[in-house]
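Chemist: Taking the hints into account, I'd like the entire structure generated from these sequences.
Number of protein chains: 2
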Amino acid sequence: MNFIKNRSELERDYLHRIALDVIEYGLESADPYNAVLSSISVRDNTIYIKNLEIKIFGRIHVVGFGKASKRMTNALYDVLSERIVGGIVISPEDPSIVGPVEVVKGDHPIPGNNTLRSSQKLLEYLQNNVGENDVVFILISGGGSALFEVPEHNITLDDVGKLTKELMRRGADIFELNAVRKRFSRVKGGKLLNYVKAKTTVSIIVSDVVGDRLDTIASGPTAPDETTYKDVYNILTRRRLWDEIPDRMRSIIEAGLRGELLDTPKPGDPIFSRVHNVVVASNAIALESMARKIEGYGFKPLILTSMIEGEAREIGKVLASIIKSIILYSKPIQKPAALLAGGETVVTVKGDGIGGRNQELCLSLAASIRGLETVAVCIGTDGIDGVSPAAGAVVDGSTVDEGYEAGLDPARYLENNDSYGYFSKIGRAIITGYTGTNVNDVFLALIK
Amino acid sequence: MNFIKNRSELERDYLHRIALDVIEYGLESADPYNAVLSSISVRDNTIYIKNLEIKIFGRIHVVGFGKASKRMTNALYDVLSERIVGGIVISPEDPSIVGPVEVVKGDHPIPGNNTLRSSQKLLEYLQNNVGENDVVFILISGGGSALFEVPEHNITLDDVGKLTKELMRRGADIFELNAVRKRFSRVKGGKLLNYVKAKTTVSIIVSDVVGDRLDTIASGPTAPDETTYKDVYNILTRRRLWDEIPDRMRSIIEAGLRGELLDTPKPGDPIFSRVHNVVVASNAIALESMARKIEGYGFKPLILTSMIEGEAREIGKVLASIIKSIILYSKPIQKPAALLAGGETVVTVKGDGIGGRNQELCLSLAASIRGLETVAVCIGTDGIDGVSPAAGAVVDGSTVDEGYEAGLDPARYLENNDSYGYFSKIGRAIITGYTGTNVNDVFLALIK
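Sequence order for the protein chains is A and B.
The first sequence finishes on residue 448 if you use our numbering, and the numbering steps up by one all the way, no holes.
The second sequence finishes on residue 448 if you use our numbering, and the numbering steps up by one all the way, no holes.
To be clear, the hints were calculated from the coordinates, so they are not data collected in a lab.
Treat each hint with caution, since some may be false.
Derived DSSO-like pairs: lysine-lysine, alpha-carbon spacing no greater than 30 angstroms straight-line [stated by the list, open to error]:
hint, chain 1, residue 1, chain 2, residue 2
1, A, K335, B, K448
2, A, K335, B, K300
3, A, K300, B, K300
4, A, K50, B, K448
5, B, K335, A, K448
6, B, K162, B, K105
7, A, K266, B, K105
8, A, K448, B, K50
9, A, K162, A, K266
10, A, K300, B, K448
11, B, K448, B, K5
12, A, K50, B, K335
Modeler: Following this line, the structure appears as structure tokens:
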């Protein structure tokens with residue numbers, strides 16, 4: 001594969017070439033089509049999915065939702081072909097057909113009528129076509145939360161949207177948001193399983209959530225939910241919203257508190273004995289692939305974490321401090337070493353430059369590794385870094401001085417959030433265009 | 001030893017106790033008296049200093065400068081006692097006597113007349129008393145740059161002070177500052193060795209500089225200097241100061257550029273064959289001691305780096321992401337694990353609370369490790385964290401909820417830079433008072 005379009009510009013020496021090879025490899029392993037294809041195989045009447053073996057007795061159905069729906073469906077169809085009898089998959093793209101599976105349109109990032117109509121259609125498919133002995137594949141990827149939704153009771157998408165916005169404004173985190181939203185949905189928080197009669201359901205998951213929490217990716221439609229009506233009551237009270245939400249929402253929560261409503265299935269619920277949740281692509285998996293690849297080049301890999309969060313320029317300094325420690329103290333590992341990390345940083349924009357979190361991390365890091373023998377890359381696996389046309393950047397010990405020589409002051413570019421401005425001028429921005437996947441960002445540093 | 005004064009309040013369980021034990025141990029190893037005492041021994045006519053063996057033929061002299069001067073002198077005297085014939089040591093404390101060594105006063109943090117007078121006295125001692133076959137110990141610790149200084153030529157302390165301030169205002173980093181200051185000093189940048197006739201000089205160093213660069217600690221009086229007059233000219237030009245500095249400073253640099261002045265001794269200069277620079281206490285050494293200690297408790301230690309820099313609250317998030325990765329993915333190491341790191345973060349103060357970088361890091365980290373089984377400590381080894389009376393804090397997975405229960409919103413305390421306000425109210429601030437050393441900050445997290 002060849003994701004990086006300007007390799008010849010970027011490949012300054014052997015070390016750069018290896019770094020870019022490894023990044024290519026990471027992107028490849030994160031590709032939804034590749035990820036499904038390489039995780040699933042079939043022989044006789046058995047489907048093998050990673051460590052799982054599934055005997056096929058009945059028919060095979062495919063449903064799904066997410067930005068990678070269509071490519072995941074293509075891959076699954078390329079593996080199972082005519083064994084699949086049908087299904088409905090929701091995608092942000094225009095409607096199409098993959099074998100017997102219908103690809104229908106949903107709305108992203110704000111769910112609307114397309115999402116509602118397609119989601120109803122998906123549920124109807126499951127209810128009308130799936131038997132107990134059938135196998136149901138559920139293809140889940142980022143964006144699934146908006147592309148697939150049926151509100152509970154008499155609540156509207158608009159009610160949920162407004163409440164979500166207000167909660168965010170008041171500082172609620174993703175866990176609080178999900179706890180609330182799961183109460184007003186017929187499918188989130190494991191509730192989708194209520195519509196699946198099959199004894200064997202396999203959710204194939206491409207994770208765009210830092211930490212790969214199954215109850216968070218696409219709001220966890222097939223995963224146990226630990227939150228309760230009581231939690232939601234506490235959240236709304238703490239955020240001073242309890243008296244402000246529409247009566248119909250408050251009544252639902254009150255009924256839930258009185259135990260009059262069925263809540264989301266909890267961990268240990270027998271419903272989960274029928275489902276396997278398998279993550280086939282994620283930041284952690286991409287880092288693992290990269291680590292294996294780099295070992296082949298003779299570098300000892302160390303995966304720090306796949307869950308980095310925080311301000312990009314500060315994370316750049318921390319990663320630089322670990323690179324320096326490897327060079328000076330052989331800690332945490334000895335050279336030749338490869339430091340790997342992933343996650344998703346943020347940029348607090350103060351300037352008016354063109355950049356993104358990955359390039360900003362690289363620019364900050366470049367200042368801290370000045371003069372050192374190392375090559376580092378940071379890249380958004382979706383191929384689009386912030387508001388720039390680049391995916392990320394590649395830097396080394398000479399990047400800052402190269403800027404000086406070209407009349408660029410890296411500190412000023414950093415201050416103006418103009419990391420792309422800086423890297424594009426010295427030929428260090430990595431260009432891929434949309435890659436068709438998203439497992440967040442990956443970072444790699446090679447220390448010879 | 002017992003540095004932590006409120007241990008009974010902090011020791012909530014077994015894991016907390018181990019964490020605090022290890023921190024105590026780290027502080028102990030960073031103590032200048034302990035560090036010198038445990039690094040140096042003498043048998044017959046040989047002094048052993050770490051991997052070094054020094055045969056004593058002549059007499060032993062002791063000079064030194066830095067905040068830890070006196071305690072280092074005490075330790076050296078406790079090892080070598082009457083073998084020491086005399087010396088001059090500059091300290092911020094009031095004058096005193098340690099055996100035959102005179103402790104004289106210097107100025108800190110701004111060098112003034114005390115520093116000038118004491119520094120002259122130290123140089124005269126070296127010139128008048130040291131023979132070729134003698135051994136000279138030079139005790140160097142943080143603050144040494146201000147406590148020991150003799151300006152070059154006709155330059156005054158005031159000239160250098162003003163230029164330093166102006167360079168800092170214009171964004172110069174510590175390396176630029178040092179390059180400039182070394183040109184106007186008779187002792188910085190290895191030049192102190194010009195005053196030492198002895199064939200054997202041993203610099204015993206307590207490092208308060210992140211990264212332990214010998215050319216940076218106390219401005220590297222006995223270390224090779226890689227910077228030149230040309231560098232200084234470039235720095236002053238780049239910072240637009242070349243035309244603004246006093247004529248007498250400009251003439252010196254011009255003479256230097258013409259090769260008319262002797263520059264600082266460079267790496268490879270034969271003068272360095274006569275000197276051994278030995279770091280006996282540093283952040284890296286403290287982390288190593290802590291790592292060895294924690295292994296005894298059955299935890300696998302991983303030292304990330306001793307060179308962390310950056311905004312405290314962001315560093316807290318990164319460290320939390322690594323803790324989470326250990327718990328969820330057994331990366332970078334398997335449980336039971338101890339994650340160690342050191343360095344010095346900063347806090348960009350926006351609120352009006354009471355706190356410090358270590359406690360702010362802990363408060364930010366606490367929010368990210370909510371519900372997880374881990375105990376983490378971050379502490380300034382000097383015992384004083386920012387503007388608070390605490391040295392740091394100890395946090396775990398319940399710290400955020402404890403705050404909620406006590407009516408404290410951790411996010412608000414963090415926003416107001418009131419980390420001490422938060423931790424003192426829930427009994428999680430670590431109180432030591434001044435410890436008498438400074439090897440920056442140390443961080444430890446235990447994951448069971």
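Chemist: With reference to the structure, classify each hint as holding or not holding.
Modeler: Evaluation of the provided hints:
Taken as a hint, the K335(A) and K448(B) pair is honoured in the structure, with Cα atoms around 29 angstroms apart against an allowance of 30 angstroms. The straight-line distance between the Cα atoms of K335(A) and K300(B) is roughly 20 angstroms, inside the 30 angstroms bound, and the hint therefore holds. Taking the CA atoms of K300(A) and K300(B), the gap is about 19 angstroms. The hint holds against a cut of 30 angstroms. The suggested pairing of K50(A) with K448(B) holds, with an alpha-carbon distance near 29 angstroms, which does not exceed 30 angstroms.
Using a Cα cut-off of 30 angstroms, the hinted pair K335(B) and K448(A) holds, with the two alpha carbons roughly 29 angstroms apart. For the hint pairing K162(B) with K105(B), the CA-to-CA distance comes to about 23 angstroms; that is within 30 angstroms, so the pair holds. In summary, the hint linking K266(A) to K105(B) is not supported, as the alpha carbons are separated by about 69 angstroms, beyond the 30 angstroms threshold. For the given pair, K448(A) sits about 29 angstroms from K50(B) by alpha-carbon distance, which is consistent with the 30 angstroms threshold.
Between K162(A) and K266(A) the alpha-carbon distance is near 27 angstroms, which keeps this suggested pair within the 30 angstroms criterion. About 26 angstroms separates the Cα atoms of K300(A) and K448(B), which keeps this hinted pair within 30 angstroms; it holds. Our distance criterion of 30 angstroms between C-alpha atoms is met by K448(B) and K5(B), whose separation comes to about 26 angstroms. Proposed proximity of K50(A) and K335(B) is supported: the alpha carbons are some 25 angstroms apart, at most 30 angstroms.
Of the numbered hints stated above, the single one contradicted by the structure is hint 7.
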